[in-house]
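Engineer: Read off the chains here:
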Amino acid sequence: MPDKKQQLKEEARSLASTLMEKQYLLFPISFVVLITVWEGLVRYFEIDDFLFPAPSGIGMALMRGLFFMDPGPAAEAADFMNLMQNSFYNHISHTMFEAVMGFLMGSFIGLGLGLLFMQSKWVEAIIMPYVVAFQTLPKLAIAPLFIIWFGYEVEAKIFLAGLVAFFPLLVNTMVGLRSVNQDQLDLLRSLSASRWKTFWKLQFPSALPFIFAGLEIAAVFSLLGAILGEFVGAGQCLWGGRGQCGLGILLMQMSFSGDTTGTFAILVILSLMGLGMHKAVHYIKLKVLFWAPENDNTMST
Amino acid sequence: MSYITVSGLNKVYITSNREPVNALDDINLEIEEGEFVSVVGPSGCGKSTLLKILSGLLSMTSGTASFMGKTITGPHSDVGIVFQDPILLPWRTVLNNTLLPAEIMGLDPKITHPRAHDLIKLVGLEEFENVYPGELSGGMRQRNAIIRALIHDPAVLLMDEPFGALDAMTREQMNMELQRIWLDSKKTVFFITHSIPEAVFLGDRVVVMTPRPGKIAEIIDVEIPRPRNLSTMGDEKFVALTQRIRSLLYVEGSLD
Chain E
1 MPDKKQQLKE EARSLASTLM EKQYLLFPIS FVVLITVWEG LVRYFEIDDF LFPAPSGIGM
61 ALMRGLFFMD PGPAAEAADF MNLMQNSFYN HISHTMFEAV MGFLMGSFIG LGLGLLFMQS
121 KWVEAIIMPY VVAFQTLPKL AIAPLFIIWF GYEVEAKIFL AGLVAFFPLL VNTMVGLRSV
181 NQDQLDLLRS LSASRWKTFW KLQFPSALPF IFAGLEIAAV FSLLGAILGE FVGAGQCLWG
241 GRGQCGLGIL LMQMSFSGDT TGTFAILVIL SLMGLGMHKA VHYIKLKVLF WAPENDNTMS
301 T
Chain Z
1001 MSYITVSGLN KVYITSNREP VNALDDINLE IEEGEFVSVV GPSGCGKSTL LKILSGLLSM
1061 TSGTASFMGK TITGPHSDVG IVFQDPILLP WRTVLNNTLL PAEIMGLDPK ITHPRAHDLI
1121 KLVGLEEFEN VYPGELSGGM RQRNAIIRAL IHDPAVLLMD EPFGALDAMT REQMNMELQR
1181 IWLDSKKTVF FITHSIPEAV FLGDRVVVMT PRPGKIAEII DVEIPRPRNL STMGDEKFVA
1241 LTQRIRSLLY VEGSLD
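Top line first, the protein sequences correspond to chains E and Z.
Per the numbering used here, numbering of the first sequence is gapless, rising by one per residue and ending at 301.
Per the numbering used here, numbering of the second sequence is gapless, rising by one per residue and ending at 1256.
Just chain E, with the same shape it has in the complex (with noise of 0.2 Å):
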């Protein structure tokens, strides 16, 4: 019997000393045992879809709304009809769409507005309070005033996505600007260097890294505001969809007919378009920062 005992020891440590030099193994194994208990409670305990749908369910759900195999349960409610006629992909475009345009323009805005308060202690000293109160307001606050500004469509959704984008663009920006190494700017001042040569050669290139943090918060950030705009009011479809596209109503509209099932797969879906983002933006990062030190705190501002 001890020889058994022993045996199975010596098993589970090799396996776990495999797990260990094979990390990268260790989140599919994760997933696919959360996906199976969170499958067998389910089905042990018979929850109703309605409640806490089972991953097979939404695996489903998901697969009817991008290949439109069946306009599921919802469709039957006529008011609905529209929008589960669209697929997933008509929603997924509509609200990438808006999540990109408003990440370019928040981001582009933020770090020129981050550039500009940098040059004069003055212009950051008059403009920098609004914008911090501004920053503070809840963004579902302003939402619907957005909405009667910009109207139903979809530029209302891009400048929210933007203005959520907009902070920690301007935020890190400044930050980064601030943060350049004191002996490098001696070094650039003993050489006479002008303001804009020690601009270029030196204060924006270290601000990079912030930079760069700042904009993967923002890509995140950004698809949050769209959805907010969506959840606020509905648009029109931009291509090939009839009637109203945004997985931001689809989210609603599902949840509001009680398909807990769809509402599970769409935030399945704007999971992985965040994580898309975050790691496009990513990518770049480490193309353009590969001087810098890869595991760099700046994520944190």
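One or more of the hints may lead you astray.
[Unchecked claim] Once the Cα atoms are required to be at most 20 Å apart in a straight line, the calculated DMTMM-like pairs of lysine to aspartate or glutamate come out as:
hint: 1; chain 1: E; residue 1: Lys197; chain 2: Z; residue 2: Asp1108
hint: 2; chain 1: E; residue 1: Lys287; chain 2: Z; residue 2: Glu1103
hint: 3; chain 1: Z; residue 1: Lys1052; chain 2: E; residue 2: Asp183
hint: 4; chain 1: Z; residue 1: Lys1052; chain 2: E; residue 2: Asp186
No wet-lab data here; the hints were simulated from the structure.
Please build the complex by placing chain Z on the supplied structure of chain E, with the hints as guidance.
Structural biologist: Only chain Z this time, still in chain E's reference frame:
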């Protein structure tokens, strides 16, 4: 007239608790063209302050300092500076770091590029021309910093403890290399160090400074023929000079 002239120079700092501190007190120094002057002294003797004033990075409280008759009023292009840290820009290669001052001064690339290649060869970094600082050793980085200071062909090289952060073996190597570069280029060098042997090994003269207030205790001529090599450090004359400087520092102040 001397190449670099410093006379009656004072520098008073006001500290955060509003106490005036006499960083430099009545400094008088004349440096001839092509001379290698070492400055040695403990922390707080004002040697770095003196270098910063010569480079134009700091202003003086009273007195004068001039280069070739021109009074120093701010940063000027007659000097190349080597700091204790190499201060290379991490997004630039060895070649581009070397060329940085040339770009800032707007010098003609047709002249500076070949010169940069020559300088890189001079310090044996030719295989690393397109390598980024993150992949270089400490000694290589400091070599890069030295040739960066030489790219615009300045008359004077100001060096502020350039080898202080290197290990002892690399440091001796760098001393040999600096002597070679100096013999080759015949620049005027103002070299600050903590190390008495290093000061004597490299200098034509050694300026011994003492702290509180920072002043010159004595200027010592090093009459040891060039080129000097590492075995020079065992010579009777060399040992006697280092002993003398050591005693000056211990009598006048304390080495901390």
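Engineer: Would you mind marking each hint as holding or not holding in the structure?
Structural biologist: Now the hints, each set against the structure:
Taken as a hint, the Lys197 (chain E) and Asp1108 (chain Z) pair is honoured in the structure, with Cα atoms around 16 Å apart against an allowance of 20 Å. Between the alpha carbons of Lys287 (chain E) and Glu1103 (chain Z) the distance comes to roughly 25 Å, so the proposed pair goes past 20 Å and is violated. The straight-line distance between the Cα atoms of Lys1052 (chain Z) and Asp183 (chain E) is roughly 12 Å, inside the 20 Å bound, and the hint therefore holds. With a C-alpha separation of about 10 Å, the suggested pair Lys1052 (chain Z) and Asp186 (chain E) falls inside the 20 Å cut-off, and the hint holds.
Checked against the numbered hints listed earlier, the structure breaks hint 2 alone; every other hint is satisfied.
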